[in-house]
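A.B. asks: Taken in sequence, the protein lines are chains A and B. The opening position of the first sequence corresponds to residue 1 in this note's numbering, with each subsequent residue numbered one higher. The opening position of the second sequence corresponds to residue 1 in this note's numbering, with each subsequent residue numbered one higher.
Keep in mind that a hint or two might mislead.
Claimed, not checked - If you want a taste of the chain B side facing chain A, the calculated C-beta under 10 Å gives, among others:
1. Gly-125
2. Asp-155
3. Ser-200
4. Met-230
5. Met-270
6. Leu-304
7. Ser-308
8. Ala-309
9. Asn-318
Keep in mind the hints are simulated off the structure, nothing from the lab. Predicted model, so just to flag it, every value in this text is computed and none were measured. Beta carbons: idealized from backbone N, C-alpha and C, even for Gly.
Protein chains: 2
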Amino acid sequence: MAGMLQSEMVREVLEGRVRSIARMMSRAETGKAEARGQMAELYRHTGRAHVVGLTGVPGSGKSTMVQVLAKTYRGSGRKVGIVAIDPSSPFSGGAILGDRVRMSDLTSDPGVFIRSMATRGALGGLARASLDAVDILDAAGFDVVVVETVGVGQDEVDVVQVAQTVVVVSAPGLGDDIQAIKAGILEIADIHVVSKCDRSDANKTLTDLRGMMALGVRAGDPAAWKVPVMGTSAESGEGIEELVATIDSHRAHLDETGAIEARRRRLLEMRILKIAEDIVRSRFVGRRDGEMSGLVDRVMTRDLDPYSAAVDLLSAINRD
Amino acid sequence: MAGMLQSEMVREVLEGRVRSIARMMSRAETGKAEARGQMAELYRHTGRAHVVGLTGVPGSGKSTMVQVLAKTYRGSGRKVGIVAIDPSSPFSGGAILGDRVRMSDLTSDPGVFIRSMATRGALGGLARASLDAVDILDAAGFDVVVVETVGVGQDEVDVVQVAQTVVVVSAPGLGDDIQAIKAGILEIADIHVVSKCDRSDANKTLTDLRGMMALGVRAGDPAAWKVPVMGTSAESGEGIEELVATIDSHRAHLDETGAIEARRRRLLEMRILKIAEDIVRSRFVGRRDGEMSGLVDRVMTRDLDPYSAAVDLLSAINRD
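Starting from the given sequences, assemble the full structure and let the hints guide the process.
C.D. replies: This is the structure in structure tokens:
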């Protein structure tokens, strides 16, 4: 299959063939020139999927939420792609299974595609590869693409905050350290969800979030989206249908107000930026040859400062 | 003070003046040309500090560990700089206090400097600014610079893993989601610390980690550093002196084997890379003018694909 024609692979992805989608994602992760050509080809077929970002701190129940959401979407006949950005080994490059394993009852359904991305450590490219996976699923005809990330880490927040609809999941009763992290992602929400609402302390979390949202509402703009705070329980299924309906309403709101164009634009900006960063990183990190290595040598001996070296690095990339 | 001469500010930083150090860090965060010049000047005076990376998942007790470590260093007369990378609002740009407040008993000591870095969201530059802060503290004569990050997020892991000595803090009895994250940083440790060893379930965590480390030991290399697994309790002070001694041993080991040069090199590589990424990001994100904006327009209309746009972006930066 290694010799599969580029256009044949792209055609199979466009037909929604599961094995080709998986293979295309793996190729895209390598960031090689061939993959770039294919991604450029696929890009022309994107733009139909609703890209939903879902984030929450560790322990918020976001992975269970994604699973339940996917089942609900399937119930209404929609195809769902999931790109889960997993914190994982910077050395092994492999994703931790963990949460993903629990999704196994979804994996036999061809209308659901789950991709778990590893944090790629020094090799970088996590954000770029994740956004590639979103494009592949979009081009392959998935109606909804859910990007799930833990709500910490610049790359992770970068990716989720440029989704068309951003859902932030909070759980009742998390510790101090966790709450501090949570504060960093609350502001990017289009929809707030409190999970585990079967628990007795859920009401406090709902009230706190609603209070916070009330503070942030700007008066006098009836066209503005009012960020809802919704209670759910994956256990009982409470609030899940309502959540799907609200995600759909948000998308409808974006379409009606024309705000969808701004969202598409910010996603594309991030996409271009992450590809550019990835090009810089891949031409530099771990290179022991010639010009790149020489740059580091000169900084080591303090013949050059890191800022001047960075400018030289960018020039060197363009001369390549 | 805004009109302070560049060289005067640099001189004051080199003299270790607290207000100038703080001001220099704020200037460096802006990434403006003037700050770059000053950073380049300061860089010539770096290279003496021992850069210690300290990471752990939320709830691991790493912030308390940093505090206790700092006090112990002070007890032996060493000056300690702390760069804490806080997950925080991508919009406000301000750091959450939280943990930092608890450090207040250290803040009146001029031999301790604590800088809390905000996650900078779409503006980027977190890793670059954090590494700038390390250089500033190094140049200002701090003997040890501790970089504290939560162990998730590519930028955060990038920064901590290039420290000369990497300490990974684990706490007994954390949940599943947290454990999955932890797996991603275990492999970067030069020293493992189990916190909260006054707790009854600490022994299991110590045993698990020691088992994992035993699996990873390569036979036949007596010169290799054997990663220790140490128990500590911030409450009782147990193991803290030993931890400081072990961090010193690791540094001595790096010096004796010459491995310190490779560590310095990988820190510099990351530093140059993050500056280059920051240049790319700052010339592109949110720019509504001319060439950059036109690039996004063409990708929006699918006249151009994101990969070609990224290459064009890098060329445009060099023509600037």
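A.B. asks: Compare the structure with each hint and give your call.
C.D. replies: Here is how each hint holds up against the structure:
no. : hint    : verdict
1   : Gly-125 : 9 Å, holds
2   : Asp-155 : 4 Å, holds
3   : Ser-200 : 19 Å, violated
4   : Met-230 : 21 Å, violated
5   : Met-270 : 8 Å, holds
6   : Leu-304 : 9 Å, holds
7   : Ser-308 : 7 Å, holds
8   : Ala-309 : 5 Å, holds
9   : Asn-318 : 5 Å, holds
Checked against the numbered hints given earlier, this structure breaks hints 3 and 4; the rest are met.
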